[in-house]
Amino acid sequence: MTRIDEGGRAARAYGRVQTRAALASVPAADGLTGLPEAEPAAAIAQVAAAALPEHLRDAFMALLAETEELRRTLAVARRRIEELERLVESDELMPVANRRGLIRDLARTLAEVGRHGVRAALIFVDVDRLKTINDVHGHLAGDAALVHIGETLRAKLRESDTVARLGGDEFAIVLRHVDGEQARAKMEQIVAAVAAAPVRLRGESFTVTISAGLHVLSPGETVEGALRFADSAMYAHKADKR
1 MTRIDEGGRA ARAYGRVQTR AALASVPAAD GLTGLPEAEP AAAIAQVAAA ALPEHLRDAF
61 MALLAETEEL RRTLAVARRR IEELERLVES DELMPVANRR GLIRDLARTL AEVGRHGVRA
121 ALIFVDVDRL KTINDVHGHL AGDAALVHIG ETLRAKLRES DTVARLGGDE FAIVLRHVDG
181 EQARAKMEQI VAAVAAAPVR LRGESFTVTI SAGLHVLSPG ETVEGALRFA DSAMYAHKAD
241 KR
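Position 177 (the sequence shown) corresponds to 177 in the working numbering; numbering is contiguous.
Please note that a few of the clues may not be correct.
FRET-style restraints, in silico, Cβ to Cβ [unchecked claim]:
#1 G203 - G114: 49 to 57 angstroms
#2 H116 - A50: 48 to 56 angstroms
#3 G114 - A50: 55 to 63 angstroms
#4 E204 - G114: 28 to 36 angstroms
None of these hints come from the bench; they were simulated from the model.
From the three backbone atoms N, C-alpha and C, an ideal C-beta is built for every residue, glycine too.
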């Protein structure tokens, strides 16, 4: 639990305690003290305020206002933290995850494979001859090729799958709820899709291809082991193409 969550819980608990303390002192409101703890203090504010003596009413409403303001502040902080976490785990060149995001999702998927028997696979992707593209067409063309690959991978996969650029010319994909045959078919589809669409930049066009390796995840595997197996499979594919 984060400090933001702890703060929100403390604020809600404090509001409930103060509300019940105030209500307990008012005979006409005895029936309200049995409300569920999850009931927010604001839901009974009007009844409680009306039943309280005048000298307590303003303080009671001020407390509720402070609690609500704290709740809003915590909600804004939580959204900002979530956005920062997304940025930290996103690639700077294209809308896919980076290595950090991939490792997090792969670790979570491996846990699901081990605990619940979820079927999943890891695909490792490497761009063929990216250095040649940079030398012939320039580094902007190399970046365009990487973006083309990232967008193609994302377009061909489900929202529940993870696409990540690990750095340089390497990508990785986590496929969930697939068996080995389905994962291989998806890998072949991706390889063909990247090669089928030319990269266009400043009136020029060129073709880029990728090599890919598949590893079906097994219970008890580590993140490092899964990446190593998928990487080896990718290099075997690259060697077969030469």
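Structure-based check of each hint:
Between G203 and G114, the C-beta spacing of about 52 angstroms keeps the proposed range 49 to 57 angstroms intact. Taken as a hint, the range 48 to 56 angstroms holds for the pair H116 and A50, whose Cβ atoms sit roughly 52 angstroms apart. A beta carbon spacing of about 56 angstroms between G114 and A50 agrees with the range 55 to 63 angstroms that was offered as a hint. About 48 angstroms separates the C-beta atoms of E204 and G114, a value inconsistent with the hinted range of 28 to 36 angstroms.
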